[in-house]
Amino acid sequence: GAVVSQHPSRVICKSGTSVKIECRSLDFQATTMFWYRQFPKQSLMLMATSNEGSKATYEQGVEKDKFLINHASLTLSTLTVTSAHPEDSSFYICSATNLDSPNEKLFFGSGTQLSVL
Amino acid sequence: GQNIDQPTEMTATEGAIVQINCTYQTSGFNGLFWYQQHAGEAPTFLSYNVLDGLEEKGRFSSFLSRSKGYSYLLLKELQMKDSASYLCAVRDMREAAGNKLTFGGGTRVLVKP
Numbered sequence: 001g002a003v004v005s006q007h008p009s010r011v012i013c014k015s016g017t018s019v020k021i022e023c024r025s026l027d028f029q030a031t032t033m034f035w036y037r038q039f040p041k042q043s044l045m046l047m048a049t050s051n052e053g054s055k056a057t058y059e060q061g062v063e064k065d066k067f068l069i070n071h072a073s074l075t076l077s078t079l080t081v082t083s084a085h086p087e088d089s090s091f092y093i094c095s096a097t098n099l100d101s102p103n104e105k106l107f108f109g110s111g112t113q114l115s116v117l
Numbered sequence: 118g119q120n121i122d123q124p125t126e127m128t129a130t131e132g133a134i135v136q137i138n139c140t141y142q143t144s145g146f147n148g149l150f151w152y153q154q155h156a157g158e159a160p161t162f163l164s165y166n167v168l169d170g171l172e173e174k175g176r177f178s179s180f181l182s183r184s185k186g187y188s189y190l191l192l193k194e195l196q197m198k199d200s201a202s203y204l205c206a207v208r209d210m211r212e213a214a215g216n217k218l219t220f221g222g223g224t225r226v227l228v229k230p
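Going line by line, the protein sequences match chains C and X.
As numbered in the numbering used here, residues 1 to 117 make up the first sequence, in order.
As numbered in the numbering used here, residues 118 to 230 make up the second sequence, in order.
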């Protein structure tokens, strides 16, 4: 099956620093990638939709200047949490759509646990 | 927008059956998904329903009634490893990105010996 690689899997940083998370589709081309955020014991909340070669579409309430998304190629999207604060500590998960099977299930990365001290 | 409801927690005994219900409200339904998620891990795909009826996959089955805005996930012959959160997600055909999913709050299932 299709594989989505996400790293780092865990990152601990100091408040005020920026953290970059990468999401790669390893064996398929993904025109669209999605970034989700999940707090403990809660469900996935969509943050933004990342389209290759264009600006990301952010969900209501998500600060685009704080969560920078770049989808530079059909296999790579990055999420940068700028000037991270403790309240940004969360589990971040990316997912991708297979260009060849747009109506099929989403493929998820393994997630990144961000802890901001 | 979409409104997706599922129970917060359920407890069942090893070897038994558990049914997780999901109700949704959406104007442009285009498929319902069930995912399993263990703590600290990414969700894994379980099932997909777009037409009414029952889809069976081994110990897992999923049912959909579009007229009622209702789905359930049935887990049979429960095993300890089935203890996880189960997420119901709905796709809306009106969304610009065809595979954009909205997730319910998830149901934590605890399987006891």
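Be careful, since some hints might not be right.
Derived DSS-like pairs: lysine-lysine, alpha-carbon spacing no greater than 30 Å straight-line [stated by the list, open to error]:
#1 Lys41(C) <-> Lys20(C)
#2 Lys174(X) <-> Lys41(C)
#3 Lys185(X) <-> Lys174(X)
#4 Lys55(C) <-> Lys14(C)
#5 Lys20(C) <-> Lys64(C)
#6 Lys64(C) <-> Lys14(C)
#7 Lys64(C) <-> Lys198(X)
#8 Lys20(C) <-> Lys66(C)
#9 Lys41(C) <-> Lys229(X)
#10 Lys55(C) <-> Lys185(X)
#11 Lys55(C) <-> Lys193(X)
#12 Lys229(X) <-> Lys174(X)
Note that these hints are calculated values from the structure, not bench results.
Status of each hint after checking the structure:
For the suggested pair Lys41(C) and Lys20(C), the alpha carbons sit about 24 Å apart, so the restraint of at most 30 Å is met. This hinted pair checks out: Lys174(X) and Lys41(C) have alpha carbons roughly 27 Å apart, not beyond 30 Å. Taken as a hint, the Lys185(X) and Lys174(X) pair is honoured in the structure, with Cα atoms around 23 Å apart against an allowance of 30 Å. Distance hint between Lys55(C) and Lys14(C) is fulfilled; the C-alpha atoms sit about 28 Å from each other, no more than 30 Å.
A hinted pair counts as satisfied when its Cα atoms are at most 30 Å apart, and Lys20(C) with Lys64(C) qualifies at roughly 14 Å. A hinted pair counts as satisfied when its Cα atoms are at most 30 Å apart, and Lys64(C) with Lys14(C) qualifies at roughly 21 Å. For the given pair, Lys64(C) sits about 39 Å from Lys198(X) by alpha-carbon distance, which is inconsistent with the 30 Å threshold. Our distance criterion of 30 Å between C-alpha atoms is met by Lys20(C) and Lys66(C), whose separation comes to about 12 Å.
Proposed proximity of Lys41(C) and Lys229(X) is supported: the alpha carbons are some 19 Å apart, at most 30 Å. For the given pair, Lys55(C) sits about 37 Å from Lys185(X) by alpha-carbon distance, which is inconsistent with the 30 Å threshold. Taking the CA atoms of Lys55(C) and Lys193(X), the gap is near 44 Å; set against the 30 Å cutoff, the hint is violated. Note on Lys229(X) and Lys174(X): the hinted pairing holds, with a Cα-Cα distance of about 23 Å set against a maximum of 30 Å.
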